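S.K.: Since the structure of chain S is already known, use the hints to place chain C on it.
These are the residues of each chain, in order.
There are 2 protein chains.
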Amino acid sequence: MTIESDVLSEIKPTPEESAEILAKARRLQEAAERYLSERNIKAKVRFVGSVGKGTFLRNPDIDLFILYSPKIPRPELERLGLQAGKDLIGGIKMYAEHPYTSGKFEGLDVDLVPCYELESAEHILTAVDRTPFHADFVLSHSDDRIKDEIRLMKCFMKGIGTYGAEPDVRGFTGYLCELLVIRYGGFIGALKAAADWKKGAQIWIGNRGKPLKGALVFYDPVDPNRNVASAVHEDTLCKYIHACKCYLRSPDRRFFFPELRKLPSRDELADTWSKRGTGLVSVSFVKPDIIPENLHAQMWKTQYGIGKKLNEYGFGVLRAEHCEDEKEAHIVFELERFESPKLVIHKGPPAYVENAESFLEKWKDNPDGAPYLDDGFWMVVCPPQFPDAASMIVKEAHHSGVGRELSVESMTVRGQKDVIDSMDPSVLAQLFDPKMPWEN
Amino acid sequence: MTIESDVLSEIKPTPEESAEILAKARRLQEAAERYLSERNIKAKVRFVGSVGKGTFLRNPDIDLFILYSPKIPRPELERLGLQAGKDLIGGIKMYAEHPYTSGKFEGLDVDLVPCYELESAEHILTAVDRTPFHADFVLSHSDDRIKDEIRLMKCFMKGIGTYGAEPDVRGFTGYLCELLVIRYGGFIGALKAAADWKKGAQIWIGNRGKPLKGALVFYDPVDPNRNVASAVHEDTLCKYIHACKCYLRSPDRRFFFPELRKLPSRDELADTWSKRGTGLVSVSFVKPDIIPENLHAQMWKTQYGIGKKLNEYGFGVLRAEHCEDEKEAHIVFELERFESPKLVIHKGPPAYVENAESFLEKWKDNPDGAPYLDDGFWMVVCPPQFPDAASMIVKEAHHSGVGRELSVESMTVRGQKDVIDSMDPSVLAQLFDPKMPWEN
Chain S
1 MTIESDVLSE IKPTPEESAE ILAKARRLQE AAERYLSERN IKAKVRFVGS
51 VGKGTFLRNP DIDLFILYSP KIPRPELERL GLQAGKDLIG GIKMYAEHPY
101 TSGKFEGLDV DLVPCYELES AEHILTAVDR TPFHADFVLS HSDDRIKDEI
151 RLMKCFMKGI GTYGAEPDVR GFTGYLCELL VIRYGGFIGA LKAAADWKKG
201 AQIWIGNRGK PLKGALVFYD PVDPNRNVAS AVHEDTLCKY IHACKCYLRS
251 PDRRFFFPEL RKLPSRDELA DTWSKRGTGL VSVSFVKPDI IPENLHAQMW
301 KTQYGIGKKL NEYGFGVLRA EHCEDEKEAH IVFELERFES PKLVIHKGPP
351 AYVENAESFL EKWKDNPDGA PYLDDGFWMV VCPPQFPDAA SMIVKEAHHS
401 GVGRELSVES MTVRGQKDVI DSMDPSVLAQ LFDPKMPWEN
Chain C
1 MTIESDVLSE IKPTPEESAE ILAKARRLQE AAERYLSERN IKAKVRFVGS
51 VGKGTFLRNP DIDLFILYSP KIPRPELERL GLQAGKDLIG GIKMYAEHPY
101 TSGKFEGLDV DLVPCYELES AEHILTAVDR TPFHADFVLS HSDDRIKDEI
151 RLMKCFMKGI GTYGAEPDVR GFTGYLCELL VIRYGGFIGA LKAAADWKKG
201 AQIWIGNRGK PLKGALVFYD PVDPNRNVAS AVHEDTLCKY IHACKCYLRS
251 PDRRFFFPEL RKLPSRDELA DTWSKRGTGL VSVSFVKPDI IPENLHAQMW
301 KTQYGIGKKL NEYGFGVLRA EHCEDEKEAH IVFELERFES PKLVIHKGPP
351 AYVENAESFL EKWKDNPDGA PYLDDGFWMV VCPPQFPDAA SMIVKEAHHS
401 GVGRELSVES MTVRGQKDVI DSMDPSVLAQ LFDPKMPWEN
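Chains S and C, in that order, are what the protein sequence lines are. Position 226, counted from 1, in the first sequence is what our numbering calls 226; the numbers after and before it change by one each time, with no gaps. Position 18, counted from 1, in the second sequence is what our numbering calls 18; the numbers after and before it change by one each time, with no gaps.
Read the hints as simulated data drawn from the structure, not as lab findings. Don't take every hint at face value.
Each computed EDC-like pair below joins lysine to aspartate or glutamate, with the alpha-carbon atoms no more than 16 angstroms apart [as the list claims (entries may be wrong)]:
1) K86(C) - E117(C)
2) K245(S) - E357(C)
3) K301(C) - E405(C)
4) K435(C) - D368(S)
5) K239(C) - D368(S)
The model shown is predicted, which means the values in this text are computed figures rather than measured ones.
For reference, chain S alone in the conformation it holds in the complex (with noise of 0.2 angstroms):
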């Protein structure tokens, strides 16, 4: 047996399970039809995702979309797709850029999504309308074993943390993975090809259309200006290649299943840290209600923006974590130093200014010594604005890029030892020894 036909065996559901989902899914399907025939709404019912094309694992999600025509206008249409999930699946509304509706159908997970039924994906009129032709080109370019290497490939991704295009990943898509396997006729096919990219490599099946940036570039080949990858970070890239040589060279369950890292104690992690002797500092915020993914877009941006300021004040950030438990989102910095230095310099204004007289009145008595000029600038030595990294924080936050929905009021700062003791020990522990999933 090979690692991969092992994996699979794990991974893919039994004839039973099989027959078992197709089953509810096409009663899920019957139902729906019946649904919109009763009420006299011309509109198809069909399924995309991993169901839709053959490529689900055990206890996959069920996407069942409603095509309505062209000509229904979109208010509309959004009413009467939230209507039909809410009475077929007593769905609730979700909040993404497009409407649909998340609920259960015979036990089985299921979102209910409309869109409008069209000619070609090139002019799509709402975000999903493109969906249905993806499934399409999956399912006319797929065979039984395609299917299996597929399954594989999603089970990798997520195993080394590149699968799913949210902001906490910035990895790759379902859909983007099936195209991966299919250009490269298999599971080893696209790790092998991957093995050789460079930064913005470009990919596509039959026809490329006009020349696209981004860190990898797969063209859609139901809508050739499209870069399926757009999502993929040049970090996740990076990992997701790294991942392909690591596991070309010695294929191990690991990449599919990591392993949880074996968690150090509070006492461990301090003493970890006394032997590194640098700064620490950490952010919590209250979490805003929003939904996770705009929730860790705004974590991103505020670990940057703090990140950012961290640096201009001198603090030296060596690396950043984010986590977050129920209550609150937190960002740990761990930093070259966590006490300003006594003394830094300040900067006057230019000395044929007309209030460099009132800057040299202000500091005529200056302890640290008098004012003096450089560059045409008055400067004077003195104690620096904030004692160390947690001060400037609480100081600086609101000016420092911190994500709209985060409150700064509710921000709790804390510095050294404190961190240590508050924080979720895996993220201290992946904040002083960063390993890959696959390493744990």
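M.R.: Chain C in isolation, oriented as in the chain S frame:
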């Protein structure tokens, strides 16, 4: 008595002193004319400088120019001029751009300089051909009162440390002092005008040439395309403007005759430094056998270059001073911190290049944390290359832009208390508390 008349009475030679100096100068002139006529050399003799212009202070140097015909080739002019200097004043050759000799005549210091006698100053053949025209201009635009005001101005500039174009002052030449007094009708008039100057101030008498740029621009009245103030550095300009404002607000003889700063003992300095909690590092070079101007220019360059390097490595230069003793030239830096942080970021190759593998191989068992990806680059956290500022300079000085004739092999680097124990206390006092000369 005003401060100025008081000062003037101290610096202006008495009528007897003047008569004696002028009598000696006349005898020197006669000796030179006799010397030239005996050798059948067609050349004129004249005094330029303060004696030629009647603006001399006590114990002036004498500048005697010999003006040769432009028909004489340059090598011949140099040979004749140097020979005359040797014969007339026992002069030794000086190494400026233009050859001249320095010697003595009846106890006075004399510079004897050959140049060409030209119709106008706009197309000169050697660097000093313009000087006689400068003397003519000052003579024709000054009376006895103006000459006294010029004496005051020069004494003021010397006192505040802005007199001279050499690299360690980067200031105002004697001719520029004369023009300022002429332009503004007197010493106080010139000070009042300067108090309103902005950076790039443009000044002229009569005709202004094509626009020139500089911290200060004074169009040379004998060649309006030339900036007499081209040597004035922005910081010297600011210092002068500041001194003018301070003097006008509260005149004091200390502007003309600064007192020596009260020197702290080494124990006091050590105490001050310990309270400041800053870092100290000094760099000393054995003085090369070059003229002082050249050495000073190279010390500025070196101070700038090493200061930049210290900032790059995060030591944070607060202030720097340089000085020299008989054998060595020294630069002292006060720093935000002397020690490097315990851990820093080491940036590796982009993740998709060949040698990424060897980077990962090298750092795979790094005790301070595994390599990680950041914006497409491999990174690793590790101890810094240099434990402190002194060891950084020892290793990095040779590519920090040290002056060409300063030998890195002759360099001594000292850190912390060693600096307090070895450096000139007046330089350390100025480093910790940079006072203006008139504030001592």
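S.K.: Look at each hint and say if it fits the structure.
M.R.: Outcome of the hint check:
In summary, the hint linking K86(C) to E117(C) is not supported, as the alpha carbons are separated by about 21 angstroms, beyond the 16 angstroms threshold. Between K245(S) and E357(C) the alpha-carbon distance is near 10 angstroms, which keeps this suggested pair within the 16 angstroms criterion. Proximity of K301(C) to E405(C) is assessed by CA-CA distance (about 11 angstroms); at most 16 angstroms being required, the pair is judged to hold. About 12 angstroms separates the Cα atoms of K435(C) and D368(S), which keeps this hinted pair within 16 angstroms; it holds.
Proximity of K239(C) to D368(S) is assessed by CA-CA distance (about 20 angstroms); at most 16 angstroms being required, the pair is judged violated.
The structure shown violates the earlier hints numbered 1, 5.
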